[in-house]
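4 protein chains.
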Amino acid sequence: MPLRGIVPPLVTPLLDNDTLDVAGLERLIEHVISGGVHALFLLGTTGEFASLSYKIREDLIRLSCQFAKGRVPVLVGISDSAFTESLNLARKAALYGADAVVITPPYYFSSGQPELLEYLKRTMVQMPLPLFVYNMPVHTKVMFAPETVRAAADIPGIIGIKDSSANLAYFNQVQYLLKHRPDFTFMVGPEEITAEFVMMGGHGGVNGGANMFPKLYVDLYNAAAAHDLPKVMALRDKVLQISTSIYNVGQFGSSYLKGLKCALSVMGICNDFMAEPFHRFNEPERKIIQEALEKIDYKSLL
Amino acid sequence: MPLRGIVPPLVTPLLDNDTLDVAGLERLIEHVISGGVHALFLLGTTGEFASLSYKIREDLIRLSCQFAKGRVPVLVGISDSAFTESLNLARKAALYGADAVVITPPYYFSSGQPELLEYLKRTMVQMPLPLFVYNMPVHTKVMFAPETVRAAADIPGIIGIKDSSANLAYFNQVQYLLKHRPDFTFMVGPEEITAEFVMMGGHGGVNGGANMFPKLYVDLYNAAAAHDLPKVMALRDKVLQISTSIYNVGQFGSSYLKGLKCALSVMGICNDFMAEPFHRFNEPERKIIQEALEKIDYKSLL
Amino acid sequence: MPLRGIVPPLVTPLLDNDTLDVAGLERLIEHVISGGVHALFLLGTTGEFASLSYKIREDLIRLSCQFAKGRVPVLVGISDSAFTESLNLARKAALYGADAVVITPPYYFSSGQPELLEYLKRTMVQMPLPLFVYNMPVHTKVMFAPETVRAAADIPGIIGIKDSSANLAYFNQVQYLLKHRPDFTFMVGPEEITAEFVMMGGHGGVNGGANMFPKLYVDLYNAAAAHDLPKVMALRDKVLQISTSIYNVGQFGSSYLKGLKCALSVMGICNDFMAEPFHRFNEPERKIIQEALEKIDYKSLL
Amino acid sequence: MPLRGIVPPLVTPLLDNDTLDVAGLERLIEHVISGGVHALFLLGTTGEFASLSYKIREDLIRLSCQFAKGRVPVLVGISDSAFTESLNLARKAALYGADAVVITPPYYFSSGQPELLEYLKRTMVQMPLPLFVYNMPVHTKVMFAPETVRAAADIPGIIGIKDSSANLAYFNQVQYLLKHRPDFTFMVGPEEITAEFVMMGGHGGVNGGANMFPKLYVDLYNAAAAHDLPKVMALRDKVLQISTSIYNVGQFGSSYLKGLKCALSVMGICNDFMAEPFHRFNEPERKIIQEALEKIDYKSLL
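Residue numbers (our numbering), protein chains in the order written: chain A, 492 to 793; chain B, 492 to 793; chain C, 492 to 793; chain D, 492 to 793.
Hints in this document: simulated from the structure, not taken from any laboratory.
Each hint should be verified, as a subset may be incorrect.
Copies of the same chain are indistinguishable here, so a pair counts whether it falls within one copy or spans any two.
Derived pair list, reagent style DMTMM-like, types lysine to aspartate or glutamate, alpha-carbon separation capped at 25 Å [to be verified]: (1) K729 / E782; (2) K670 / D645; (3) K670 / E785; (4) K612 / D674.
Build out the structure end to end from the sequences listed, making use of the hints.
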């Protein structure tokens, strides 16, 4: 402890709205583990957790743990608006051998900060696995305030935070408030800022792009951890090229998810079927993604 | 058709986070039906749907339908971020004899308007019951745009809309766009505007306060439908007294829910236990609610 | 007191970014006064106040008071992020014979509620005219909370509120909290809800559409004040037709302003030049507005 | 070109709402220039620009340019909701010898991206000085989208961007899109992220804390520019200590401004009077700031 490195928030390969693309899942997990990633994160925002039935979520946990074969730790998203369902997911995660769980605030009816802290306390009483708090304000409508994170870090079992706010000023403040806790893990979501985050002492990135190019993000992490700035700059350029060309082809907030799944499909890794309410790109958008991948010279990144 | 009148969004009486207060539920249903309400709405925002496990949601549907004994239509909230779970809930609702279902947009990862319309279309293909769309932007982060509602109204099986935005300018525009559809039901959420909404041609209110004082809201509805303005004014005053004194005792957005459940407990109707992440009021706040109820002379409203 | 009726928030006719369309302004004022409006409101959101230089604002106040010739009260918007400039505008308004001023919260750096109340208190110390508070959260990012309005109503010189939030549940609560103040004026912004607002005891509407069709909105006000529901329904339909066809031709939030000014230009009342950062509609959009006006049979409304 | 280094967004020292603290201004400017800052930025958010009368803004520009004596470039904020007033301010800035101006989007009525780009184009036609665009979404409600910045960078006279969104993922994307423009200046607002921003190729920070401790921020910049990571880490800790202890003493968004001005007053640099609608801290909060300064061992930072 802390956990360090690149933790891809795995996309959930699907054949249809209720069927996992099991072969795709296995290929994806092999792909990222052989790319050197340090852990897997199932059922995050990138994994479309909120759109999946509980049955599929359980299947995904079971199969992923099986495919991972203990080579890397497995983190499982248990975010839910319903406390009991979060606990159920955590129990499944423990049952199938996952290493930790990850939770956002309840995301339908927003809570105040004292309510959030109390919620974490009550959650941990019954939690079978260590837990990361997951800051994702664009979807949950609420931030874990810095003081809330500081207090949460004192709850036994809470071992780290993943921040996807992209607000690095906020996250630096959180880290400063927890300077006395070298064991507490700080992970950042947006891949566009993983490099500087790690150079300045952060522990790693939960980067969607690592589904496609695990080696690139691992190299970036290693360069940043080694303070090899020229290498960091070169690799980050690649990351920014990916992020400005693959993730904004569509019109809506779903563009990131659609672009990522489309690229994985173009690369032959897994199916690009998306859970409701989203739908895979049609041929014209797919072609744009294809061209973007070629411009990135993506085969050189594998 | 359309559905008309007062439809209380039932609170969900709980003994603890995973146990229904079954006796309280039966009392509550008797209370509102004997108060003259025109239908029941289970598993809305007021019913803490998003905080409840699926097991409890199913129990609640089954028991409520049983307790209602067909005396009034039963509407069931099936909102979920996961399509499949929404469908599962709808099937349970059909199985236990409910009359219609109600759905918000998926509320974790926001959709664009075309994505929302497509989502409704796909939902309806497998939907066993008629459906109301449910506009609740404060929690779902997205409005059904007027043009989206107009298009949704053409999908077979979509029979009405409940709007909880409190933006009556928006809702009047929606109604105007659907003038050619006298069969389409328009229900408004906020009880503070039910009177004028009904006077101007709206069909009724899904008013949380009707859990406490069904007769008051039914009288208000009747007066408004009869265009009896002096009576409307007098009754609306009572409604505004309730809303300004019972719903804002706490500090956070949850004040409405906490105040309502606390009042129902003070009135002896059901338990005030709240599902995570919220917690019932402590003694000081309960005392304020008690005093507010007395100031309202609440027994005269029963 | 209170002020009652239809108060058009006058558009500001311009020849270019720094030149008033003086003839257009005179025609516009004649048009609305002869249409029966009860007061004029200069320099509101519809008047593009925030986009105008102080010189033009002063000219507009002076000329409008002159053109109004005391036939109706003149209200002047003095909203500004700078306190001193608001006071300067108020002094100009007093100098040229205006009757009252209207102010939003400072709209760059948002204030908390106690800061807002304190701000109103300090403003009133030096205010030469009676003042309306102006709730416009979409632009100012902050609401006057109901309790803030209640407290503000006790400050000498504050005589009313204009609410453009479109949240009638909120505004009904505000009115309820001020039941003991029959002299306090409640005006609503959105024309889509003026009818019900007035029927239920509100005092009138500050309706942008009254620039085009003053008589229609005055008739609507009169019918509502007289509780003539059938007439209200018929007239409100016209209002909703206008609002759904004239105000949403463009892509952005500015569509309302652009559509309104374009229609006034089509009707020959004033120039449709818009202050930066907006620009008048081009020919295709103008044609859509023209057709919408014909469909409304606008000449029958004059 | 590009501009590099630490550019304090100067607070505006005031004796009362309409009177500059001229002696304080002179002391402040000497303080920051002798601390080694690379330029001054007048009339930014930290300078309370939006709360100041035009007369004071002009006085401030004139006096600051005079006090700066050409030792460092002077940048002047000309943000305004009114185009003409922005131009007037720019002309004053040019007249008194400032070097560049800085502008946010118009901040009352929000614009769409094409409207923003068009606005910048029209602004530049008459602009007497080079211009930085200023991204400040929390106050202006709108971001300059990456593609808008890319297009804006092609407008002659637009020479850089200051981003105060704190969203470094966004800003990295913007920089990537402008890789072909090594002359374009990228400045970041939040001091908590200046270090990593500069290490990764950014040009500097417009950091409020540099009003108090110019040397600290200049040292941080130099260490970052020299890629001296151990030194960067040590200095950034100090910056985070300041930001977590000085800027969040109050309850509202104004806490940052109040804390900063209070600290400057405690340090004897300038008056802590604040322009309406804000007010300086009272004794209890001032004491907290005093203690925070002592804990920081602030004299060691001068």
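Now for the hints, and whether the structure bears them out:
1. In this homomeric assembly, K729 and E782 come within 25 Å of each other (Cα to Cα) only inside a single copy, at 15 Å, whereas the closest approach across copies is 46 Å.
2. For a Cα distance limit of 25 Å, the shortest separation of K670 from D645 inside one copy, 13 Å, qualifies, whereas the shortest one across copies, 44 Å, does not.
3. In this assembly of identical chains, the alpha carbons of K670 and E785 lie at most 25 Å apart only when taken from different copies (20 Å versus 43 Å within one copy).
4. Taking the closest pair of Cα atoms, K612 and D674 come within 25 Å of each other only inside a single copy of the chain (19 Å); across copies the shortest separation is 49 Å, beyond that limit.
Consistency note: the structure conflicts with none of the earlier hints.
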